[in-house]
Amino acid sequence: MSELTELTVQNPVEEFLRMDRIPHIWCPGCGIGTSVNSFAHALIDAKIDTRNVAIVSGIGCTGRVAGYVKQDSFHTTHGRAIPFATGLKLANPKLNVVVYSGDGDLFAIGGNHLIHAARRNVDLKVICINNLIYAMTGGQTGPTTPNDVITSTNPYGTFDASFNLPYLVEAAGAVYVARWTAFHVRQLARSIQEMFAKKGFSFIEVLSPCPTLYQRRNKMGDGLDTMKFYKEVSKIRNGAATKDVALTKSGEITVGKFVDRERSDYRDLLHDRLLDSLGDDYVETEACTCQ
Amino acid sequence: MAKGSVQIVAERCKACGFCVEFCPTHVLALSSAFNAKGYHTPYMVHPDKCSGCDLCGMYCPDFAIFGHKDAAKETVAAAAPVSAVEAKEEQDAR
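If you read the sequences in order, they're chains A and B.
The numbering used here numbers the first residue of the first sequence as 1 and each following residue consecutively.
The numbering used here numbers the first residue of the second sequence as 1 and each following residue consecutively.
Don't read these hints as lab results, they were simulated from the structure.
For clarity, every value in this text was computed on a predicted model and none was experimentally measured.
A hint or two may mislead.
[To be verified] Here are the simulated EDC-like cross-link-like pairs (lysine to aspartate or glutamate), alpha carbons at most 16 Å apart as the crow flies:
id	chain 1	residue 1	chain 2	residue 2
1	A	K228	B	E21
2	A	K70	A	D148
3	A	K231	B	E21
[Claimed, not checked] On the chain A side, residues computed to face chain B include the following (Cβ under 10 Å):
id	residue
4	A91
5	F196
6	L275
[Stated by the list, open to error] Cβ pair distances, simulated, as ranges:
id	chain 1	residue 1	chain 2	residue 2	range
7	B	S32	A	A46	16 to 22 Å
8	B	A36	A	H271	53 to 59 Å
9	A	R267	B	E21	49 to 55 Å
10	B	G38	A	S264	53 to 59 Å
Quick reminder that beta carbons are idealized off the backbone N, C-alpha and C, glycines included.
Full structure from sequences and hints, please.
This is the structure we're talking about:
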């Protein structure tokens, strides 16, 4: 089976990837690649001009996405994906800025940046791949690790409370909050399309299997077992109250679109305030254009 | 009659089994042969059942497989009424 198959048709996703960097580093059974597929399909279906899309990611397994997509992308320092993206968006408002990063990067070291970007309602599209652990550094307990899970830093099981990401982000002020798993590929693609149509801080949490570090220590099988588990226990509840959607180790997973509301975004508020205060003296700076 | 087909790049496959498990018409199976990295790659065990829905391509984390509609048969398929399989896929997707 070692001979390369002659392909008669090109995979449509390959257009969006730097194929010279594939195969990627993600483990067999990891769901990050699956989410990248959904993202690429969302861009294809929504007919979004990829010259106006910038992908910013932090450090971690999911942080590698910025290196594999063939768009303008930026692999930033740990936890600082959102500050870089905010600057990018303010300097060039025409750009669709996507922050594609993991739960450790966005909610642990980058937690403050995330809640303040949501509070100001900066027009960012945040995709958070949640594998419930710090995967790249060896499986330490993270802020999203549920109770009674064995990790490398909690060998007798975790006991502290974990973050409920949709609840946190809604409370901070996001205008669009959804959660899907790596199993819900088509729903995730549709949700990403909706996010591109939305103005303001939008957030999608994507649960992904981590067979190498999370499941191995907890005897939860491989990536496929987790995908089957997602299929069994996921319940789609659009509009569910986010305080009820917390994750547990083996309990039900509530997925769906939880929040879809309107708020003025940061740049509009800034523009209005300056126009109010300065009147005719206010000269709007020309947005830089990238050709 | 197959309405579509699947293309597989065996060398990229890491044998996670997502495509085999989630194919709505059970077209694929893992073969006993290895690729260069020692993974059992999938192959079409029932090529006649393939609807070309590309769900395998959506699930593949390694961009190693994708489904496509058969161009020659597409016009025939467009005229024909929606099959039960396609209706179910649509329902699953929702």
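A quick look at each hint next to the structure:
1. A distance of roughly 9 Å separates the Cα atoms of K228/A and E21/B; the hinted pair therefore holds under the 16 Å criterion.
2. At most 16 Å may separate the alpha-carbon atoms for a hinted pair to count; K70/A and D148/A exceed this at roughly 40 Å.
3. Proximity of K231/A to E21/B is assessed by CA-CA distance (about 11 Å); at most 16 Å being required, the pair is judged to hold.
4. With its C-beta approaching chain B no nearer than about 32 Å, A91/A sits outside the 10 Å limit, and its interface hint is violated.
5. With a least beta-carbon distance of about 18 Å to chain B, the hint placing F196/A at the interface is violated under the 10 Å criterion.
6. Restraint check, L275/A versus chain B: the minimum CB separation of about 45 Å is more than 10 Å; hint violated.
7. A hinted range of 16 to 22 Å for the beta carbons of S32/B and A46/A is inconsistent with their spacing of about 41 Å.
8. For the hinted restraint 53 to 59 Å between A36/B and H271/A, the CB-CB distance of approximately 56 Å keeps it satisfied.
9. Range check, R267/A to E21/B: Cβ separation about 45 Å, and the 49 to 55 Å hint is violated.
10. Hint check: G38/B to S264/A, Cβ distance near 55 Å, so the stated range 53 to 59 Å holds.
Hints 2, 4, 5, 6, 7, 9 from the earlier list are contradicted by this structure; the remaining hints agree with it.
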